Structure formats: structure tokens, C-alpha cells
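Chains as they are written, first to last, in UniProt numbering: chain A, 1 to 336; chain B, 1 to 336; chain C, 1 to 336; chain D, 1 to 336.
What the hints contain is simulated information worked out from the structure, not anything from laboratory work.
Any given hint could turn out to be false.
Given that identical chains are not distinguished, each listed pair holds provided it fits within a single copy or across any two copies.
What the hints assert, rightly or not - EDC-like, lysine to aspartate or glutamate: derived pairs with alpha carbons at most 16 angstroms apart:
1) Lys167 - Asp233
2) Lys199 - Glu217
3) Lys242 - Glu292
4) Lys245 - Glu34
5) Lys199 - Asp233
6) Lys107 - Glu35
7) Lys60 - Asp111
8) Lys222 - Glu322
9) Lys222 - Glu209
10) Lys167 - Glu198
11) Lys199 - Asp235
12) Lys166 - Glu217
13) Lys242 - Glu209
14) Lys266 - Glu198
15) Lys60 - Glu217
16) Lys167 - Glu217
17) Lys166 - Glu198
18) Lys242 - Asp223
19) Lys184 - Asp129
Quick caveat: nothing in here was measured; it's all calculated off a predicted structure.
Protein chains: 4
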Amino acid sequence: MAYVTFPADKPADFVAIGRLCIDLNANEINRPMEETVSFTKYVGGSPANICIGMSRFGMKCDFIGKVADDQMGRFITGYLQRNGIETSHLAVDKTGAVTGLAFTEIKSPTDCSILMYRDNVADLKLQPDEVSESAIAGAKLLLISGTALAQSPSREAVMQALNYAKKHGVVVAFDVDYRPYTWKSAEETAVYYNLAAEKCDIIIGTREEFDMMERFEANPEKDDRITAAKWFDYDAKIVIIKHGKEGSIAYTKDGSSHRARSFPAKVIKTFGAGDSYAAGFLYGLMKGWTIEKSMEFGSAAACIVISSHSCSDAMPTVAQVEDYIARSNRGEITAS
Amino acid sequence: MAYVTFPADKPADFVAIGRLCIDLNANEINRPMEETVSFTKYVGGSPANICIGMSRFGMKCDFIGKVADDQMGRFITGYLQRNGIETSHLAVDKTGAVTGLAFTEIKSPTDCSILMYRDNVADLKLQPDEVSESAIAGAKLLLISGTALAQSPSREAVMQALNYAKKHGVVVAFDVDYRPYTWKSAEETAVYYNLAAEKCDIIIGTREEFDMMERFEANPEKDDRITAAKWFDYDAKIVIIKHGKEGSIAYTKDGSSHRARSFPAKVIKTFGAGDSYAAGFLYGLMKGWTIEKSMEFGSAAACIVISSHSCSDAMPTVAQVEDYIARSNRGEITAS
Amino acid sequence: MAYVTFPADKPADFVAIGRLCIDLNANEINRPMEETVSFTKYVGGSPANICIGMSRFGMKCDFIGKVADDQMGRFITGYLQRNGIETSHLAVDKTGAVTGLAFTEIKSPTDCSILMYRDNVADLKLQPDEVSESAIAGAKLLLISGTALAQSPSREAVMQALNYAKKHGVVVAFDVDYRPYTWKSAEETAVYYNLAAEKCDIIIGTREEFDMMERFEANPEKDDRITAAKWFDYDAKIVIIKHGKEGSIAYTKDGSSHRARSFPAKVIKTFGAGDSYAAGFLYGLMKGWTIEKSMEFGSAAACIVISSHSCSDAMPTVAQVEDYIARSNRGEITAS
Amino acid sequence: MAYVTFPADKPADFVAIGRLCIDLNANEINRPMEETVSFTKYVGGSPANICIGMSRFGMKCDFIGKVADDQMGRFITGYLQRNGIETSHLAVDKTGAVTGLAFTEIKSPTDCSILMYRDNVADLKLQPDEVSESAIAGAKLLLISGTALAQSPSREAVMQALNYAKKHGVVVAFDVDYRPYTWKSAEETAVYYNLAAEKCDIIIGTREEFDMMERFEANPEKDDRITAAKWFDYDAKIVIIKHGKEGSIAYTKDGSSHRARSFPAKVIKTFGAGDSYAAGFLYGLMKGWTIEKSMEFGSAAACIVISSHSCSDAMPTVAQVEDYIARSNRGEITAS
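Looking at chain A on its own, in the form it has when it is part of the complex (with noise of 0.2 angstroms):
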């Protein structure tokens, strides 16, 4: 049973707005960040990094965003071209704006930590009048990211963005993603990723992530059932919670909850699996397989970044991923 219809008639699969911006990763992993020395340059941002794996997958892309008018925004721009993105729909700045930077340091495969860089960045400051009308009417599935409602106008941005994809009936993909900085308080982002949920098809996020979205409200038991209904009042067909080591779990509309299994992996850090797992698990929502079918190819893609020193650069291809799943299959793979 098909959950999300996409729309046939559109030239694009895919379009992402949001966040981009430039990781740094430690090239000397498993101490803190203090006793490291050199750093390597990546594309970054959760939206970005969605919209790469979309593409290596082969499905059509294209990004709405906004870059700095400095090295590092045109190394992000030639980045996304290099990999097959449409980049006719970044704006870049002329204020002044940096580019986002995220500074990581690996402790341990499991001690993992983010410094970042979100002061004055330009991704925050696409305006609703950059965003593209006909970007989002020619493609059949949009992804926002929480991080783009932090600020105005990038607030304002995505929301206009929503409004087109509801006129023409273009799927709507809500990885929550949220990270603290430039919120100002807990009840303003409750406000926000409550407006913007309501008017999606496919919700991804974390327990936590659905806790703060109830700020407002009651399920003092933080039940899976209870959140995920209250989506289904409004425009929502999958609600996607992640708990974590215990695994995720997709409820639809039906009543039905789904879950797929998981993968061992040789582990060397934690960041970028979600990215990596929302863009498996969308690309098999659009070949038209089952949800657990999806999950599971979200899980195998995620396990290959894991597994690597990058996470935009790690994307794998759909081989890549059949390749990891019949080799753990076999048993050739062992967790670390």
C-alpha cells in the first residue's frame, strides 16, 4: 500500500531548502578537539547533505538557499554542481553574511561533538521572494529542515516555501533537525516546527525532537501513538520517530506502525546518519517500496557514513548500499 502518492507530471524528484554549510572535521579523531591540529573541508548542513544523497542515488535535485559571496560559499556552490544539482535557485548574499561552519571532534565512535559557527550566516538569511515558485512546482517531493526555521527570514522563507508545494501538490518531507543555536527559547521553536509540521506529508525526527514540539501540550507518558496521531489531523501520512539505539519506528495514517531492521557497522562516528538515513529511506518512499523496505535502505545508507571520515562526501550510491546490505547479509560485516 502506497502511503505518499508523489506527483508523475513534475521534471524534478527532488528539492531540498535550507541549510548549507561547511563542516570541518578533525583529521585526528579520538581525542578532543584541543589536542587536534588540522581539519578537513566538506560540504555540510542536514538539507544539503539529504539533497547529495538524493542525487547520488540518481533522482533529480535541486537546492533553494543562500550563500555567502566568499570562497566558501562558492566552494558549496561547485560542490552541488560537481554532484549533479541544479544551483540556479542559490541566492548569494551581498550583506555581509559568513558561511555556517561546523567544527567536529570525535572523541570516540560514540563521544562525538559539534562546534559551531551560526552567527551571521547567509543560509539564514534566504528571503521568501527568493525562494523559487516554479523550483518547488517542478519537482515531486520537497524536503525542509528545522534549522531553516530558526531565524527570520529564512523563517519566512521555508513557510512561503510550504505554500507553494501545497498549490501544487508536491509532497512535503519535515526532517525536524534541531539543533539549539540561534533558537531563542524552547516555546519559539515549539510554535514554529508545530506550523510548519502541520502542513506536511512525511514527519522525521527524533523523541526528543517530538517532545519539544509538545511543548504546549499533554502526553506526559511521551507516547509514540499519541504524537504521531495528532499529525494525522492534519496533513501527515508517515510520522517517523527515532529512539536511538532502540531503533525507529514509522507510523502511517492507517493505525499501522513499521519497523525495519538494523545493520552492524565498524562505527567511527555518529554524525551525518540521520542525513544519510532520511535520504534512503525518502528515495525508496519514491521507487514505490514498502515502508520497511525503505527503513532498511535508509539504515544501510547510514551505516556507510558512519563508517567513513566525512558524511556529504561519504553519500552512497544505490550499489553501494545493495553492495553493504548483501554483505552484511552474508555476515562479512561486524559492528566495531
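Given chain A, work out where chains B, C and D should sit, using these hints.
Below, chains B, C and D without anything else, positioned relative to chain A:
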């Protein structure tokens, strides 16, 4: 036919949220403000005026807002109390915010302007967690006003108020009340006006205000019917579009439109006409009157206010409005 | 002995720089502002008041400042012009700034307070390149006022005015006039008050204001002589320290101190006492009078102002001050 | 002849105040940053570099500044400690400020640029009450740097540091170090550079930096002697004006000027030349050398730094500078 059904089992009739400020009306009229020397102080702000009007009509009223911790703030709270309005849901700012001011200038009955003080005002500092869910749950009708959407955190407070109203079956009226102060751009204005209007049962605005809301849409002829039809796809039941001297038209979900006759008045100034009209119209609706009779009652209330020096203080009682209509019917009132 | 020598060859007597605002004086006195209903509008701001006072005394006066581009700003400019003050060096704000307001509350002759509106005010937007070098070069005495140091770019404009005054041999008087509004911290205040005071010939402040300036210094007994001596190591020739009811003391570089007798007055309110005192004292100095006679003249001028409803409008002429002294000498005036 | 006399009875030689940041130097040189993929991390910031240089020369050094409460901040503190610099006067920001970053781009030895991150940086949040009076009182020489004047409260902290230095007889050197970031206008820059320079014994800047300081003055020919003479009317004893490839000239209060020979170098990049020059020159002065010998030592130190990949890390020891001069004298070093 009742286009809007108000819930019966609520302890209060009416709750408003938003701007509370001070009007400083020039005592010397028919001259520029450069030549006025003294001012009289009144409570002002569109939702405050409407709430005072509703209270004068005998409705049980409540106000959700924020006042400065100074003499101006205490004057406002005291005036509302003396007018029988519940003030226990007014928060008091503790950050040093001031009370918004509106100095009025009456050069002639048709040439009036306002000099606004809207920097660092207490009313825009209302936070979502200061919005009383029980105050909204306990009223039949919630009025929101557009100026409260102009800045955070008041913007989020209004959005949360809308959530509470939907949750508890409270009818919502939206007085668009566009004021350019404190808004950053026309696009920002359009985005938030639309997000709010989607959740409202009754929307009241001028043609120009609806034009602002259609910034990202196609309505080249500025056709009222296209404008109204959009909102009937959301929650709206009545959309009133005001065309200045040409009068107002109420559009209803059944496709019909409604007009009411107007009354002559000895106009002193134009301020407050919209607020008294809204109070009169909403009062009529709550009484179960026809749309036409409600509009007529609103028009007569407006005539009384524009024949007076103040706005809030001039809000009439039901008997005064009825008397005005009767005298007008007898030809005892002529235009200025 | 002349402690300060004024340059002889200057076309103007006096130029002031800094705050220009509107006083809104409650018409109903001896009650809290919660109970007042009307206000009368006057030009206000310490340097404006002093400048108006000097002009009433017959001095040729100029003002360097910035007014809002609205009715309040034009009212200020017109009032200065009608008082014979040169206004060609007033810049007009084009950024949407407002005119500072001071609502006065007179609960009793000794219990007065002010409710200030100082957000986004035009006077603090005066830029250093808007300070006329020729206006300063052409005056014998420049008055600066502490409130203009509270924010950029007005802060830099005053510093640049001081540079011009030193370059052209203009005497500088500093009225400390501390107001807590708009300053970010006590440390910031101390730093800029000191930077300005180092370049001034005459410094006038209350004991509390000098305490603020000594935040980073040791004067545990709050000893006036230690306070004054510090400034004599810089450019100061006269330091006046005001001790409220105990009267003012003028310290001079030769080590002597000076006191003047005070006069009885029928006090309505305390506002404006310092400004009229400063005008009277500086006028006396410029006339070549002794410090004692100048202080006495200042005291009598202050008595006239505090016996009146306004500040600027009540600034007396020389004849009025002389008459007040004469009547007081004859025992015709008794305290309230 | 000693143009500057350093106090003898101080426990420390040198204290610097101001910018502490991180340099991220591209590992791949001679290409635009769009094509670089990795960066190496160093401590940076002009006063930090000079302080590290002084410490390498064997001077007892202290630093007054503010670091972020994160891995970058701790890296800076640790590096200073490992270089023998006292760090007990470094405040730690608690407001969520970040560490300033400088990404360097080396397109060619003569085409270098810097991409700065200066929003919300910890070093500019140093408050005047965080400046240790005893740290300044206990040093022979205080170095201030122009970038610390660019914003409050760091601006006031530097002004307060100057007050302490004057009070305790500490010699003050001012490295103008103009960076456009974070300054609001050229006028603002001129005002604060002048206020600081008035209190300094040694002023070091480029011709362009002195032009900025003369924004409100007449020096149409940009005449070094007019520039220097202005400062000798205040506290200055030595004014060094740098003319790029034409070399630097030191002007002294006695009216004489001084030049030193330069050395050949195999230039990798130009960054850090000014900082190593300042360290070398100030070291020479403190050793009681002639101005010419001090300038020569500074020039040789600069040659060593511009032949290296980093700035701070490449700061030489006395032996290394002496060796460079000796080898140069023997003709063993040729220009790149």
C-alpha cells in the same frame, strides 16, 4: 442562517489578545501637530478598543496582553478594570519595555495622522508561555489583531493563542489592522498574516490589507471574490473587505455577499472607526443577528466614535447605538 | 581673578551639543501619573534648556544636534528659532528615529519623577561628520552634556566636538547630567565620562555623578578635594560639585573653593533646577564676574524655574533674575 | 640616546591586551581557497602574535584578554601557557561567544587574503572590570592593538587599560592594526584611534592607517612629518610609519627620523610580517638598543615569519634572528 456558531458553554463571551497602548490626542484640532501644545491621554490599540467596545455592549470580556511596569502600564490596567474587563491575564514586562504611544494629529476631519512610538514596547514582548490557555478555552470568541504579529515573541504568542482556540472550539476573529511600524518587510507581513488567517473563522480587513496578504499570489483584478474564496478553503466562514467610502462587503462561505446601509455623521476624525465597527459587528453576530443587521450596528457604532474626540473612551453602549440609528432614521442627524 | 579666559574674537558666545527632546508635563500636579489625564508639550533636554537659558540672557547661541523628521522634530527646531538660537547645525534624521520624550510626574514639590522614552531617538544618532567644525570654532564656549555620550554615534560626535574645541581654543563646559537610560553598564559610563572630562575646562556634576566617574579609582571618603584635584591634572580650571540641599561648591585650580548663598523659592517641582543653574553660572563666568557672583546668579535662575510648571519655557531673562535677587533681598520671597 | 625609558622595578616585561583568535592556514598554497581542502590550526591575532614573539625572545610576558568557553578557547590558553605566557588574566566568556577565526588564502607570495569570522567573538567581549590593574602595573610595556577598539565593551576595556598604564608609569605601544570588520564607519574608527593614540608612547602603523586617523584633519600631502608631529604634542616619543616595500621610518620627538636596512627573504606569504616586526622592534627598544638596530632586528624577525607557513608558531628566538642577520650578511640568503 447562522454562518458562525458560537459555543454555548463558556463562562466568558470575548477575549482579545494583542496591542495595548496609549493614545495622546491633541486637544487643539484642525491644525498640524507642530502647533498643538497639549494632549489628552486615553487607552488605545485596536484590540483594546474593540474589547472596551464589547464590554460597553455588556459582553463579559477578558484581555491577554503585556503592559509596561510603569505609570502608563498601570493606567491601562486600571482603565480596563474600571470598564469591567478581566485583567488577570495581563503580564507585566520586567525588561524595561515602554508603553506604545500614538500621538494623533487632526488637521481636518479627513486629514488625520498618527505619530507612533513602537520601539521596545511591552505589548510586543508577550511570550507564548504567558498566553493563558484557560482564558481562551473559557471564551466564545477570540479576537486577534495583526499588529501583534509584527514581532517576536508576540508573534508566537498569537500563534499559540490560535492553537488553543482551535483545540477548545473557540471562534476566532482576525482584525488585520496593518501598521507599517515594526514590520521588517512586506514579504514577512504577508507570510504571517496568511499563517494566522488560515486558522480564523472571521477575517476583517481593508482591500489594501488583503492585497498585502496576496503578495505571493495572482489576483490581478484585486477581485474580492477571489480573495474571499481562498479563505473559505481554510477555516473562514465570513470575510469582510472594507472599501473605504464605498462601504464594506461581507462574503460568506455559501457564496453570497452582504452589504449594509451607512449613516450620516458629524465627523471630527477618522480614528477608531474600524475598531468600533468591529465591536458592533461582532456583537451582532454573537447576538445571532443577520450579517446585515450586525454590519448596520457596527456602522452606527463607528459613527458615534468618529463624532467624538477619543476612541476607547467614546465606545458607545447598545442603547447609544440604538438611539443613534433611531435618530438617523428620523433624519435628525446630518453629515458634517 | 579670572579662572577661565574666554577667547575674544569669536562671532558667537555659546554653542551646545547633545540632547534635544520633548517634555510632556502633566497638567494635573501633586498626584501620580496614573491619575493625570493631560500633558503640555515643551522643548526639553539638558543642553537644550541651558542653550535656551543662555539665549534668554542675551547670549548669541548655536546648537549642534539631530532632530527627528516628524512633527516633534520640527516643533523643536521652530522653538529654538523663535528663541533666537541658530539652528542651521541641526541635522535631520532620515532613518525613522523618533524624538526623545520625558513625561514628568509631580507627586509633590519634593517627589518628582520622569518617565523617559529613549529608544531609537534622533539625538543619539548625531554622527561625527555632522558636527560643524566652524560652529565650534566660532563660539567662545562649548557645552557638552553627558547623555550624548551614552550611545554611538552621538558619543563619537561629542568626542569630535571636543577635538574641534581644543583645536580652536574654545572653552569647554561639561554638564555631567547622568541618566541611566541607554547606558549599558556603570563601567561604560565611567570610561566615557572620564575620556570627555579630561578635555574640559569646567566640569559640573553632583557628588553622585562624580562617584560614578571614580568607579575605577580610590576615593573611599568621597572627598571633593581628591575629586577636583584629579581634573586639575588634565585641562580643568573649575570643578563644581553639587551636594543637593547642602549647596554646591566650586573648586578651582589654585586650590581654593567657593560657595554662594541660596535663595528661598515656592517650589512646584525640582526639574530644570540644574539646567537653569548651569546657564546662570556660565553666563556670569562669561561676563567676567567672580565665581561666587556667578553661582549666586545661577541659584536665583534655578529658583525661578523650579517655581514654574515648565523648564525650557520658564528660563528667565537677566532682568528677571536680578529682580528675583532683589525681591529676595527685601524679604519678599519666602520658601514654600 | 634613549627615546623611551622603561620603568625598572616591574616584575614583568611585557603585557598585551586585545585580540586572541585562531588562524586556519590552508595547507595547499598557491591556489584560491575554493580549491583548498584542509587547514592547520594556529593561535593568531596581532597582539597574541606579538606577545608570543616577545616570549620567544625571553621576555616575561602576560596577556589580558577573553577567550570562548570552548575547545578553541582552551586551545589558545594552552598554547600561551606552553609558550611561557601568564594566562591568569584571561577572562572566559560565559555568554556563548565564539573564537574569532582567520582562514588564510595564499594565491601567491604576494597575493594573500584572509576570510575573517568576527561575529559574536569572545575577544571583543572583554569588559573594563576584567582588566587587571595589577597586571598592567606590574609590566614595563603595555601593547594595545587597534582591533580591540572596534566594539564595546572591549573598546572600553582598552581605554581603561590605558588609564592604568598612565597611572602606574607603564610605557604604552599602540599597534594600529586596522581591520575593517566590526567597525561601523570610518568616522567611528578615526575617533577611537585618536583617543587611544593620544595616550601612547610608541605608535606603529602603515601610512594608510595614519590616513584613517587623520580623517577629520588637514594633511593633504599625507606628510609623515605632519602626522608624527601631531602625536608628539600628546604623549608619543616614537611614531613608526610603514610604507610597504619602501620600508618603515621611525620619527622621534627630537625631530629626527630613522631608517633601517632590510633583508632578503624567500617569501611564502605576507601574513605576520607586521607582528614579528613589532615584536623585534619593541624587544630592541627594551634592550636599550638604538632605534636603527631595533628596526633591523624587527625586519629580520619579519623575514623569518614570512618564510614560514604560520605566524605565531614561526615567531623566532633571539638566536634565530641573529643567525638570520649573520647569514644574510654573508650573502647566504637570497630573495624568492
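Taking the hints in turn, this is what the structure says about them:
1. Lys167 - Asp233: This pair counts as between: shortest inter-copy Cα distance 12 angstroms, intra-copy 19 angstroms.
2. Lys199 - Glu217: For Lys199 and Glu217, the Cα distance exceeds 16 angstroms both inside one copy (19 angstroms) and across copies (18 angstroms).
3. Lys242 - Glu292: within (14 angstroms within a copy, 54 angstroms between copies)
4. Lys245 - Glu34: neither (29 angstroms within a copy, 38 angstroms between copies)
5. Lys199 - Asp233: both (11 angstroms within a copy, 14 angstroms between copies)
6. Lys107 - Glu35: So Lys107 and Glu35 pass the 16 angstroms test inside one copy only (10 angstroms; across, 29 angstroms).
7. Lys60 - Asp111: neither (35 angstroms within a copy, 39 angstroms between copies)
8. Lys222 - Glu322: Neither, since 35 angstroms and 55 angstroms both go past 16 angstroms.
9. Lys222 - Glu209: within (11 angstroms within a copy, 42 angstroms between copies)
10. Lys167 - Glu198: Both: 15 angstroms inside a chain and 14 angstroms across chains, each within 16 angstroms.
11. Lys199 - Asp235: both (6 angstroms within a copy, 15 angstroms between copies)
12. Lys166 - Glu217: between (26 angstroms within a copy, 13 angstroms between copies)
13. Lys242 - Glu209: within (9 angstroms within a copy, 43 angstroms between copies)
14. Lys266 - Glu198: Neither way: Lys266 and Glu198 sit 38 angstroms apart in one copy and 49 angstroms across, limit 16 angstroms.
15. Lys60 - Glu217: neither (39 angstroms within a copy, 28 angstroms between copies)
16. Lys167 - Glu217: between (30 angstroms within a copy, 10 angstroms between copies)
17. Lys166 - Glu198: Both: 11 angstroms inside a copy, 13 angstroms across copies.
18. Lys242 - Asp223: within (13 angstroms within a copy, 47 angstroms between copies)
19. Lys184 - Asp129: This pair counts as between: shortest inter-copy Cα distance 13 angstroms, intra-copy 24 angstroms.
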